[in-house]
Each structure stands twice: as C-alpha cells, then as structure tokens.
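Participant: The primary structure of each chain is shown beneath.
There are 2 protein chains.
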Amino acid sequence: MELVNIKDLFRNESEYIGKEVTVGGWLRSKRDSKTFGFLVINDGTFFEPLQVVYGDALDNFAEISKLNVGAAVIVTGVLTATPQAKQPFEIQASEVCVEGNSAPDYPLQKKRHSFEYLRTISHLRPRTNTFQAVFRVRSLIAYAIHKFFQERDFVYVHTPLITGSDCEGAGEMFQVTTLDLDQVPHTEDGSIDFKEDFFGKPTNLTVSGQLNGETYAMAFKNIYTFGPTFRAENSNTTRHAAEFWMIEPEMAFADLQDDMILAESMLKYVINYVLEHAPEEMAFFNQFVDKGLLERLQHVASSDFAHVTYTQAVEILEKHNEEFEYKVSWGCDLQTEHERFLTEKEFGRPVFVTDYPKEIKAFYMKLNDDQKTVAAMDCLVPGIGEIIGGSQREDDYDKLVGRMEELGLNKEDYDFYLDLRKYGSARHAGFGLGFERCVMYITGMGNIRDVIPFPRTVNNCEL
Amino acid sequence: MELVNIKDLFRNESEYIGKEVTVGGWLRSKRDSKTFGFLVINDGTFFEPLQVVYGDALDNFAEISKLNVGAAVIVTGVLTATPQAKQPFEIQASEVCVEGNSAPDYPLQKKRHSFEYLRTISHLRPRTNTFQAVFRVRSLIAYAIHKFFQERDFVYVHTPLITGSDCEGAGEMFQVTTLDLDQVPHTEDGSIDFKEDFFGKPTNLTVSGQLNGETYAMAFKNIYTFGPTFRAENSNTTRHAAEFWMIEPEMAFADLQDDMILAESMLKYVINYVLEHAPEEMAFFNQFVDKGLLERLQHVASSDFAHVTYTQAVEILEKHNEEFEYKVSWGCDLQTEHERFLTEKEFGRPVFVTDYPKEIKAFYMKLNDDQKTVAAMDCLVPGIGEIIGGSQREDDYDKLVGRMEELGLNKEDYDFYLDLRKYGSARHAGFGLGFERCVMYITGMGNIRDVIPFPRTVNNCEL
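The listed protein sequences derive, respectively, from chains F and W. Counting in our numbering, the first sequence runs from 1 upward without gaps. Counting in our numbering, the second sequence runs from 1 upward without gaps.
Chain F extracted, bound-state conformation:
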C-alpha cells in the first residue's frame, strides 16, 4: 500500500501541500455535525496528530460518523494548508476506509489516565501521548548509542545471556533450567543432578557482560555491548527492574581518563541526538512530565563535566552531614542523596567522582599506588545521581590474583579472565550505562516501569 507517514507530511510539508495523499491511522478524537465532521488521527510516526475533514458526499458518511475513538482508518484526500488554524494543514477526505472500528469499551477514552492504570494495559498504553513519546525516544536513544560507537569503530559484541558463571560474584540471579521442577533429579550423593539439565550444569541469567566484553576488547581494542541483563533482587522501587538493558563499552590501551572522556562524549552525543530528532516529544516532556528538563539537558550537553576524587567528595559532604539521612565518612558508599548534592548543589553540572576505596568496589578494578583506592569513576548527573559507573581494570596478573584471593573468589572460575593478563595484557577501561536509567534521565519519567515496554518486577511478568 502506498501510504505516507504523517511524519513526512509535517517534516516535508511543501512537498505534499495541494497533493492527494493516503494516510493510515487511528482515531484520537472526532467532531461531527449533520453534513460534515473532523477526524483527528495519529499514525504513530509523529507526535502531532493530523486533522481530516470529511463530508456527507462520502458514501460511508454515516459509518464514519459512528466511529469510536481508537478506530483504524485509511484516508485519501488532498493535503490543504490551513493558515488560520492551529494545525498547519488538514486532509480534505475524498475517501475514508474503515479498517477496523474500536469497541465501545475501548479503555483509552479522551480523559487523562494515571500511569498506574496504564501499566495494567501495557499493550495499549503506547497509543497515549506520553507513552508514544517515551517509547519513540527510547528507540532514538538506543540508536544514538549504536551510532556513537559505530562512528568511532567500536565493535558491537553480543555477550551471552545464559551463563554458567556469576560474573561479579554479586547480585541475586535467576536460574535457567529445563529440569522438571516437580521431579528434580538427584545424584546418588543427594545433590541435584545437573547432568540432566540442558547445559549439563547450573546456569543463570547474566548480571553483566563486562568480563566477556573484556575478552573482545583484548582483540578488537574498542568494543561495546548493548543487551539485556537481569537481577533477581526483591526490591520494589521506582528505579529497579528484574530485566533491563545495559551498555558496556570497553577500550584497550585506555586508562581512566580515556574512560571519562568517552562517557562524557557519549552522554552529550545522545542528548543532542534526541533533542534534534524528537523536538516535539521533548517539548511535551518538558511541559507535562518534568518542567526543568530541557534546560537541564541543554546545560549538560554544553558543560564540561566536573571531576572530584572520592576523598575530596567526602570532605565536601562531611561539611553538610546534618542535611543527610545517611552521614558520610571516608569508606562509606555514597547514597543518591550525596550524589545529588554533589552534582546539583556543589558543582551544578555533571561530575565524575573517582578513586573510590577498594573495599566498596569490584575486584577487577585497578589498584591505585596508594594501595587503598581503585581507579574507578562514577558519573553523577543532576536529577538522578549516578548514571554511569566504570573503571580502569587491573591489568597486572599478580595483583588481580591477589585481590581475588583476598575476596575468596575461586580462581578456576576466572581462568579465561586471567588469560587476558597472561597473554598480551594491556591497560584497559570501560563503564556500564543502565539503559533505562538513561531513558528516565532524558525523558524525565520517574518510574522505570514507565520506560520499559513490558516491565518485569517482583510478582509482575505480564504479557
């Protein structure tokens, strides 16, 4: 079918004005009188809807006049400029084919629905203004991230989802199995007989692709992952989901400075891409979801990010301990309230906090010369706190083994990882960006359930 996207009408108006076009879309609202009427339709390609004028010269005038909100129609007619009206143009319909009417109990009537209610109809909510905007922007952010890395010749690596190892030794994991849960087989010594399982051993859903990603950085120099990760944490917050997407770039022959430069460039690139490609959606968020959003993003895109060490940050925060629920002292992990204080009040722009105590960071981070801190960085942004966490990796075989022993990690589980320090080790660094947190940040949406098409959280796995 030769349909025009409504987006093309708006973006290339002059090409279409005065010409006959055919558009398919869904009815958002309708006004009618005895001899003519207006249909407002949206086809999902553009945030703004399109007005259609139809009259009783049409054979199916009565049918059209009875359409319910949500109905699907294919409209043909001349696109006509409407200089006096709010919208720039409308279609004067010569034909309105009804593809499918919408039943009277259609849940999305004109009134405004709460996000809570819309979560119960996740298959229909993308038809509303807010979720049209959210999920188009989500798509654009995903593409901007790919574009950023591909333009810089980073190789996209699909790290595995099902894994036989617990990457970071952290986080509760989902088990993956084909065993009959009602009759779990056991060996003679009474343990579960995983030989009967699909992979012949216990397997889980990954919590991070980083260690696998490092193996590819040691071959391709610059790589990134972009895929789903899973946490079986029983936390019912607005910021946690059991299934979410992560971006994890990794660079060989790179140190913590390079890592921060990459993170800063990426964030600015993505923000600029979305501001350029979804101006209508971003204006909507700014007006209805988060008043200061555009100003904040534009500020971030044009600021040099600040840098502060963890030790300096703690000194700053200790002076304000009376303002915090959790008091700060050297050695403690920073909470969101501290992160937001730093980025919003102290620096007024994004800030990298670097060189954290080794005790609160992962085993693979590079030990600094002070023997107390590691070459880690967290990027904090106004309104959110931490959005990116990264580090230079320990590239010295002996130091890495020493740290693993301190933490009681089983060396054999990490043979492949140690090989990278044995055969052509090179300084390298990378970071992780939680994709949904990035979408929340750029849209201003406050609940992770509202930026994932079909969110998975404790006791919630619908559709």
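If you are wondering where the hints come from, they were derived from the structure by calculation, not from laboratory data. Please read these numbers as outputs of a predicted model, since none were measured by experiment. A virtual CB, placed ideally from N, CA and C, is assigned to each residue, including glycine. One or more of the hints may lead you astray.
Facing chain W, a subset of chain F residues (Cβ under 7 Å, in silico) [unchecked claim]:
| no. | residue |
| --- | --- |
| 1 | 174 |
| 2 | 283 |
| 3 | 453 |
| 4 | 454 |
We have chain F; now place chain W onto it with these hints.
Facilitator: Frame of chain F, contents of chain W only:
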C-alpha cells in the same frame, strides 16, 4: 592516551604519511636480526596488520626482540611509505613500550588452528584472522539493520526476555526461576507453589517477540525488535543454538506484498552495507571460507527476487522428486533440500514462496480466501534456503478466535492479542530474521557456533 587506530592509517593514509603516530596493538609475528627487527602488529580496528621496524638504537631493543606472539605493545614512530613492499607503509619506531608480554604457552601460534579447537578458547579466538573478520562483520550487520529501520522511522522495541506465556505455543522453553531447586515448595494440593517464585507464577525465556511487537505496531505503525530469543531444543546441528538473536519488524496498514518489499530491501541494504564497510574481511571470506561468496552476494544485491506460491513450488518440486531425500507433495513442509533447489536451480536467485497450507503455519497468519492457505511468505536464498519467514496477520477477530479454537489454544492467554483486533484492527504484516543465520549467510561460515561470540548449545555454556 592519544593513539591512532590502524584503520585510520589505512583509510586516511595521506593524512599520516611522514608524521609521527602512536599505535597500540598485539604482536602477530616478528622477524629479527642482531641490529634491527620487524614487528607485525594488529590492533583489532582493521583486518590488515601494520609493520613496525625497530633498531638497536632503542634502549629496550633486547626486550623487544624477546617478545612472544600475542604481546601488547605501544609503538611511536614516523609512518613511512614503502612503495617497494607488499604493505603500503610501515612505522619506523622511535619507541616501543611493552604493555604486556605473552606467556610462552600462548595458544595462538602462527600455525592454522581448526575451528573446533578455537571453539574451546572462545575468549582468545577473536584474535585470529577468521574470527576478527566474523565478529567485525557481525557488528556491522547488526548496525546496518538498525540503520535500515531507523532511516525508515521504524521504532525499535525491546520486547521482554522473561515471559509468562508461550508465544507461539511452539518450541521447548527454558524455565526461569528463583525457587530453591533442592527444595521446591509445594501447595497443599501437591502442585508447585509458584507464589514463592520471583514473579509469582511460572516463567520462561521468550521464543519470539512477535506478539508483543504487534501491540507496538498498532501504536507506532512501523516497529522492529532486535533481541535475544531462546530454544531449549535438544538438536545438535550446525544451524541451531539455544540462544540467538532475532529481528522482527512489524508494519500496520501493510499486507504481504509490503512485507516482501521490506524483506527484500532490508537484505539488499545489509549486504551492500557490509560489502562497502568491510571489503578486506569479505575478500578474506571469499578466498578462504567460501569461494563463491562475493559473486553470490553481489548477485543477490542486484537481482529482483522471484515470487512463487507454495502450490506452484510443489508442482515444480514434484517433477524432481527422485532427486530428493524427502518426497514433496501438497501439504508437506518444505525441507532445506527443496528450498535450495528452488532458489539455486529453478530460479537462480532469491525467491519468496507464499501462501502455504494453513496446517503447517502458525495460528496468527491471515487465512486466504481459498480457506486452505494463509498469507505467509518464506524468503529462500542460495546457499542457505530459508532466511526469513513472515506473514500478514489475521486481523479479523472472529476468524482469529476460530483458528485458536481449532488449535485448542487458551483464549484467555491471548486477551491482549485479541484486543488488537477489537480496538482499531488494521491489516498488518511482519517477519522474522534469524540474526545468526544472516551472519552465516553473509560470511559464508558454516557453523552457527562460529558466528556467536560465546555460543550456547546442548551441554555447552562456557564463559
């Protein structure tokens, strides 16, 4: 660190010749004499390696001369044209910093290793020529697919991985659970107490995002998914993996013709993108992996795909039944041998086979007027057979329910899917492309284990 990618030296030679550059990379081979030597290094950004000349004026001449294959070095020196040599230029090293040597037992010595052996060291194999080429091309194909759809304003949708429903009622699935397998809780009536499980019900890994994708096509008109899917099938073949990636576009206000136009355009776009962006890798595959590859791909990119109905195809095939292991008659599913006969011998180019018997296709495909066949299409390509399968979807509520009843599907499980036919139903169509099959097709690689970084198959879940 200010390093130049080797790719940039080759692609923008004139910008660098005669200038000092710094390059990081890994030693592929070495030749040395008493007073000077050559290092051949690769940094993973380009298929061709770079030659480095070093002499005994360097302080660490002895250290360099003892480096093992696989060692990581950072080299600084002037890039010098070598018009008499095989390679276009080399670096005259003024400094060679050893980042990390490579232990003597480095598994990738200069001799050629079998793919079987390299599968046992999946963390090191991307350092070989073949797997450098495979995984760079894999990355480029992934990006080309995103670029194709984004340029056409398709919205990228992340459909869920963990699912409470068996999408197509087909395929063995992996269970996802946080229950203690050693002490699976039971309810009073003796059944498993899934209330104790993370999601409060049985959950699996998805086998397809299509039905979820359709809900978004009914909001955004044109969408695509690109994410992992899973099959717990106990099949140990060169074409099946338990974890693989799928692309599933879906278009509203589109029929089977539109679907085929999209599939053909996408395949041609992706092939052309790879030929343009990875000429060295493609030449390598053509020479060492699959002799006729380039000619075949160029032919596909420039042919109009053929079209034949299933009924016509069966008539053609029946005439050659003596050549087939499985004899063909109307109603049977086509095997790879039949598919390859059609695309390679009968048509000599890619061919769409359409309108299959409803009995051998999924419940959601649109019933044709003959009441016997459905508006399905498979795209067959030389060398592979089926690479894409798609259909127009049944958009009539009553017909869809009727078909579900015939097949004994539980209507309540599909309420959300039926809602799409109740509230503004529109003709729509889509297809599925197995990403790995596409990578195999474009690289000529014969085993799916060799186009997935860390493949998961029966009894195999390493790293």
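Participant: Give a verdict on every hint.
Facilitator: Here is what the structure says about each hint:
no., hint, result
1, 174, "5 Å, holds"
2, 283, "19 Å, violated"
3, 453, "6 Å, holds"
4, 454, "4 Å, holds"
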